[in-house]
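Residue numbers (my numbering), protein chains in the order written: chain W, 11 to 164; chain A, 11 to 164.
One or more of the hints may lead you astray.
Stated by the list, open to error - Pairs of lysine-lysine, DSBU-like flavour, derived with a Cα cap of 30 Å:
1. W:Lys73 with A:Lys125
2. A:Lys108 with W:Lys125
3. W:Lys125 with A:Lys136
4. W:Lys108 with A:Lys136
5. W:Lys125 with A:Lys152
6. W:Lys136 with A:Lys136
7. W:Lys60 with A:Lys60
8. W:Lys136 with A:Lys125
9. W:Lys108 with A:Lys73
10. A:Lys108 with W:Lys136
11. A:Lys152 with W:Lys108
12. A:Lys73 with W:Lys60
13. A:Lys108 with A:Lys152
14. A:Lys136 with W:Lys60
15. A:Lys73 with W:Lys73
16. A:Lys152 with W:Lys73
17. W:Lys60 with A:Lys108
18. W:Lys73 with W:Lys136
19. A:Lys60 with W:Lys108
20. A:Lys73 with W:Lys125
Since the hints were derived computationally from the structure, they do not count as laboratory data.
Protein chains: 2
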Amino acid sequence: MHTYSHEYFMDQALQLANEAVDDGNHPFAALLVHNQEIILEAKNSIHTSKDITRHAELNLVSKASQLYTSTQLAEMILYTTTEPCAMCSGAIYWSGIKTIIYAASATHLDQIAGKFLACHSTQVFKNALNPPIVIGGILEHKAILQHQKYWLNL
Amino acid sequence: MHTYSHEYFMDQALQLANEAVDDGNHPFAALLVHNQEIILEAKNSIHTSKDITRHAELNLVSKASQLYTSTQLAEMILYTTTEPCAMCSGAIYWSGIKTIIYAASATHLDQIAGKFLACHSTQVFKNALNPPIVIGGILEHKAILQHQKYWLNL
């Protein structure tokens, strides 16, 4: 079996985040990968859903938890274009997903879009029982450029 | 206009949390109050929705943000039977709701149901821009008894 890189999946997630913008939403997207295969994808939909909870990762976890058990989800990888906020980190935790890979850090996003909720995935998972592994910085530069373009019109 | 107490609203929320158990879900419920009137209510529905994100407050914020602007929500009070978890605290923050009143603390819940995610509302709102006011301990004993009954069969 060919092994795809983290960059391969993140690039797909970044393309999906562009689609979210085309839809009229914010530039965020997430993928769920199992055995090197994308099995679910989700975009930010806060504007089109008129629902502020509809972040990409929340949408993904909501779908994933309806389809898979936490035992199954523990074997999957969640790719997201930006480090999950407190809401989405909590959702991912409750779902049982154990691996999170992101491109831009939430601190990068704060610097570009403005700092609101300083509590990000690191703080949410601190002292948690059996927390997920979190890896950041995959195609970080592409995600940062995407945010700069969207939030700062650069 | 008659002024209802925090206890009055919390008692209604606790009754709703009992209904959540009757439905087959966990004992949590939340209300949104504006000008002394309950305008929205939500129960935990993780089992009946087969969706782990369906905590009471997430359900409430999801509905509320579809109906009201963040400016309107800033004038409302969210009552919840237990201090919001990281996911729900994040959702409440993004909605613009500025007042949260709870009965049992998340630490109480951890002691009864088991400690999973140690990050609760205090940690989520720490260092946030313009965080909500959070008041705990309203009918705390009733909420603790409800949790003991549910999680420990006491």
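Status of each hint after checking the structure:
1. W:Lys73 with A:Lys125: 25 Å, holds
2. A:Lys108 with W:Lys125: With a Cα-Cα distance of about 17 Å, the restraint between Lys108 (chain A) and Lys125 (chain W) holds, given a limit of 30 Å.
3. W:Lys125 with A:Lys136: 13 Å, holds
4. W:Lys108 with A:Lys136: 25 Å, holds
5. W:Lys125 with A:Lys152: 38 Å, violated
6. W:Lys136 with A:Lys136: It holds: about 14 Å lies between the C-alpha atoms, which stays within 30 Å.
7. W:Lys60 with A:Lys60: 23 Å, holds
8. W:Lys136 with A:Lys125: 13 Å, holds
9. W:Lys108 with A:Lys73: 29 Å, holds
10. A:Lys108 with W:Lys136: 25 Å, holds
11. A:Lys152 with W:Lys108: 35 Å, violated
12. A:Lys73 with W:Lys60: Distance ~9 Å between Lys73 (chain A) and Lys60 (chain W) Cα, so the pair holds.
13. A:Lys108 with A:Lys152: Within the cut-off at roughly 25 Å; holds.
14. A:Lys136 with W:Lys60: With Cα atoms ~27 Å apart, Lys136 (chain A) and Lys60 (chain W) stay inside 30 Å; holds.
15. A:Lys73 with W:Lys73: Satisfied, since the Cα-Cα distance of roughly 18 Å is no more than 30 Å.
16. A:Lys152 with W:Lys73: 34 Å, violated
17. W:Lys60 with A:Lys108: With Cα atoms ~19 Å apart, Lys60 (chain W) and Lys108 (chain A) stay inside 30 Å; holds.
18. W:Lys73 with W:Lys136: 26 Å, holds
19. A:Lys60 with W:Lys108: 19 Å, holds
20. A:Lys73 with W:Lys125: At roughly 25 Å apart (the allowed maximum being 30 Å), Lys125 (chain W) and Lys73 (chain A) satisfy the hint.
The structure does not agree with the numbered hints 5, 11 and 16 stated previously, though it agrees with the rest.
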